[in-house]
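**Student:** Each chain, letter by letter, is given below.
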Amino acid sequence: MTVAARFEIEYLQYLDPNGQLVADLPPHAPSGEEVLALFRQMLFLRTFDGKAVALQRTGKLGTYAPCLGHEATQVAIGAAMRPEDVFAPSYREYGAQIMRGVQLREILMYWGGDERGNDYANEPARHDFPWCVPIATQCLHAAGAALAFKLRGEKRVAVTCCGDGGSSKTDTYAAINSAGAYALPFVQCIINNGWAISVPRSAQTGAQTLAQKGLAGGLYCLQVDGNDLFASLEGMRRAMERARNGEGGTVIEFLTYRLHDHTTADDARRYRDEAEVKDAWTRDPMTRLRSWLVAKGLWDEAREREWVAECTRRVDEEINAYLETRTQPPETMFDYLYADPPPDILEQRAQLLALEGRA
Amino acid sequence: MKTTANPAPAAAGDAATARPITLIEAVTQALAWEMRHDESVVVLGEDVGVNGGVFRATAGLQQEFGPMRVLDTPLDETTIAGLTVGMAATGMKPVAEAQFDGFVYPMLDHVICHAARFRYRTRGRLTCPMVLRVPWGGGIRAPEHHSEANEALFTNVPGLRVVMPSSPARAYGLLLAAIREPDPVIYFEPKRIYRQYKEVVPDDGEALPLDVCYVLRDGSDVTIVTWGAQVKEALEAADQLAAEGISAEVIDVATLKPLDFATIAESVAKTGRCVIVHEAPRTAGFGAEIAARLAEQSMFDLVAPVERVAGYDTHMPLFRLEMKYMPATARVVEAARRTLAQS
Numbered sequence: 001m002t003v004a005a006r007f008e009i010e011y012l013q014y015l016d017p018n019g020q021l022v023a024d025l026p027p028h029a030p031s032g033e034e035v036l037a038l039f040r041q042m043l044f045l046r047t048f049d050g051k052a053v054a055l056q057r058t059g060k061l062g063t064y065a066p067c068l069g070h071e072a073t074q075v076a077i078g079a080a081m082r083p084e085d086v087f088a089p090s091y092r093e094y095g096a097q098i099m100r101g102v103q104l105r106e107i108l109m110y111w112g113g114d115e116r117g118n119d120y121a122n123e124p125a126r127h128d129f130p131w132c133v134p135i136a137t138q139c140l141h142a143a144g145a146a147l148a149f150k151l152r153g154e155k156r157v158a159v160t161c162c163g164d165g166g167s168s169k170t171d172t173y174a175a176i177n178s179a180g181a182y183a184l185p186f187v188q189c190i191i192n193n194g195w196a197i198s199v200p201r202s203a204q205t206g207a208q209t210l211a212q213k214g215l216a217g218g219l220y221c222l223q224v225d226g227n228d229l230f231a232s233l234e235g236m237r238r239a240m241e242r243a244r245n246g247e248g249g250t251v252i253e254f255l256t257y258r259l260h261d262h263t264t265a266d267d268a269r270r271y272r273d274e275a276e277v278k279d280a281w282t283r284d285p286m287t288r289l290r291s292w293l294v295a296k297g298l299w300d301e302a303r304e305r306e307w308v309a310e311c312t313r314r315v316d317e318e319i320n321a322y323l324e325t326r327t328q329p330p331e332t333m334f335d336y337l338y339a340d341p342p343p344d345i346l347e348q349r350a351q352l353l354a355l356e357g358r359a
Numbered sequence: 001m002k003t004t005a006n007p008a009p010a011a012a013g014d015a016a017t018a019r020p021i022t023l024i025e026a027v028t029q030a031l032a033w034e035m036r037h038d039e040s041v042v043v044l045g046e047d048v049g050v051n052g053g054v055f056r057a058t059a060g061l062q063q064e065f066g067p068m069r070v071l072d073t074p075l076d077e078t079t080i081a082g083l084t085v086g087m088a089a090t091g092m093k094p095v096a097e098a099q100f101d102g103f104v105y106p107m108l109d110h111v112i113c114h115a116a117r118f119r120y121r122t123r124g125r126l127t128c129p130m131v132l133r134v135p136w137g138g139g140i141r142a143p144e145h146h147s148e149a150n151e152a153l154f155t156n157v158p159g160l161r162v163v164m165p166s167s168p169a170r171a172y173g174l175l176l177a178a179i180r181e182p183d184p185v186i187y188f189e190p191k192r193i194y195r196q197y198k199e200v201v202p203d204d205g206e207a208l209p210l211d212v213c214y215v216l217r218d219g220s221d222v223t224i225v226t227w228g229a230q231v232k233e234a235l236e237a238a239d240q241l242a243a244e245g246i247s248a249e250v251i252d253v254a255t256l257k258p259l260d261f262a263t264i265a266e267s268v269a270k271t272g273r274c275v276i277v278h279e280a281p282r283t284a285g286f287g288a289e290i291a292a293r294l295a296e297q298s299m300f301d302l303v304a305p306v307e308r309v310a311g312y313d314t315h316m317p318l319f320r321l322e323m324k325y326m327p328a329t330a331r332v333v334e335a336a337r338r339t340l341a342q343s
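Protein chains in written order, with my numbering: chain A, 1 to 359; chain B, 1 to 343.
Be aware that a few hints might be false.
[To be verified] Far from chain A, by Cβ distances over 10 Å, these chain B residues were calculated: (1) D38; (2) G60; (3) T73; (4) G102; (5) R121; (6) G139; (7) A142; (8) A169; (9) L235; (10) E266; (11) T283; (12) A295; (13) S298.
[Stated by the list, open to error] Here are the in silico distance ranges between beta carbons for each label pair: (14) P74/B / A309/A: 20 to 28 Å; (15) E64/B / N245/A: 47 to 55 Å; (16) P26/A / G91/B: 52 to 60 Å; (17) L25/A / Q63/B: 34 to 42 Å.
[To be verified] If we take Cβ atoms under 10 Å as the criterion, some of the chain A residues that face chain B in the derived model are: (18) L43; (19) A79; (20) R82; (21) P83; (22) Y91; (23) T170; (24) A183; (25) D279; (26) A339.
It is worth saying that the hints were derived from the structure and are not from the lab. The structure displayed is predicted, hence computed values, not measured ones. Every residue gets a Cβ at the ideal spot worked out from N, C-alpha and C, and that includes glycine.
Produce the complete structure using the sequences and hints provided.
**Tutor:** Structure below.
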């Protein structure tokens, strides 16, 4: 037999669900103190996420997409990026976004029905893409940003995320294909959390892995345990280094699990076996990293209590800022359509003001 | 960007020495001017590179500006639209080509959900200064899906500007304006009149306003409002009507969104009659918007019902019947006569 090409997908896992190392940590693995800082970030994210769901349940927030269970993946993505890079998230990757300067009040404003949530005040998030609802369309925007970097000779990387469902979209394939065709500094993170609302990963594709979707585009592909911070960091490190060195794009599949409903408008009990969720909790990214840190003597219950209290204080402060934010004046719906609004728009704006008795 | 050296001298800048050019040559001339003067302008699409585009709108551009600024894309319209949005939001001014009007549909997701909304969604933090060039309309005996008049799909989208030149000079000036516009512009090119006639278009970098209708012919009895390739039939109809002693004013809308309704209203105030002519299907075509505004704002100036001469509410037939579908001069003349018979 003559073989035209041969492919394989590497899988990375260092820390097993019990917090035991199953392989030597890679040479670039972060120090214990650095891991601790990222663990704190994960805990902060989980504290926020729980409180955001509670806000929705008490009528103080619109529909919200929780990120419970995705903490290691998201924090690894945030840690691997540099300020000059660009992030094009879907609508769930708050962990990476917070590390790039997105404020909790902005996340809450977006899900609370206020466009100003997308007007990220802090750099480097200020030059990142906003939340993107039409599934996986952001992947091509990231490829476009990567193309702009390449044309301008800038050493920057565009990183984007989609889910296991999103990996079925034309846009994801198109982004992967163009990243290969132009050898772009592009990283496609496929966050495989098992479910696209009610449709399981198995129904999305016959492919053995989602990572291999990058092979056809000529990208570097790998699959990592997305609940293992070390594996997620190492996968991202490789991808970013390749991109920065001009070696082209990468597809990383992060194997994680959606421990919550798709959004607060969803009820996963309609389609998902509770036993599956219970089992997934045994692979929780927090638990295993906590065990590793405790075994290293870097963490204990007292420190956890203290940090959670601090997280709670910080999150509550942001929630208060969100709750105190006044609704935008309605005429603002006309103010960001065009740099130079045409007369029709100004006329309709005046009509609205007149209706409001504010003409 | 450091891909170009000093802007090349505008060799064709002197109108006295310039040769007359066609509408499509005016498109090329505008692209080249702007690429020489703004390094952030890049052109991308299918076959736009070495081949210069299937209609030759980008002929010579890759030779002059190189493959980093004139990019052949993988053959996928979704890719073209998505890359364009991403580039525009990160500091480039991409001018994308949809090879044919019938191939823009996969692009709509990115145009409607993103290009048109980035400024709005982010409260002005990110914008999408891009142009989508769309060779438009029928009449060139092309295969299926190559002859669509789909401008109304775009005029209903907030955040877009929609432009359609009908002469070489307007093609040049409006394309320069479209590229310089800080918001996304859909720039339709009526391919039936790509090479209809030539005129001298000074290569002086002068843009035209993006919100103006043009009165192409003065008249006092009836106003014929049209855009794109139908300007040809409208002017022919005006000639025939003149022979019957009917004085028709002809307006080229040129920019559909935002619509310069004042120019139309002023004309109708004078003539009291209006015939709207467009190639697209009649129902919910852009003519319906003009007719509605006439009903709202010019009712008491009208002495006869507004007439619409449009494509039928069918699909564009394959080319043997396409000229039967499109509004012919005779239909425009007949509609104008009807408005005069009423009063």
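**Student:** Find the hints from earlier in the document that the structure breaks and name them by number, from lowest to highest.
**Tutor:** 3, 5, 14, 15, 16, 17, 18, 19, 20, 21, 22, 24, 25
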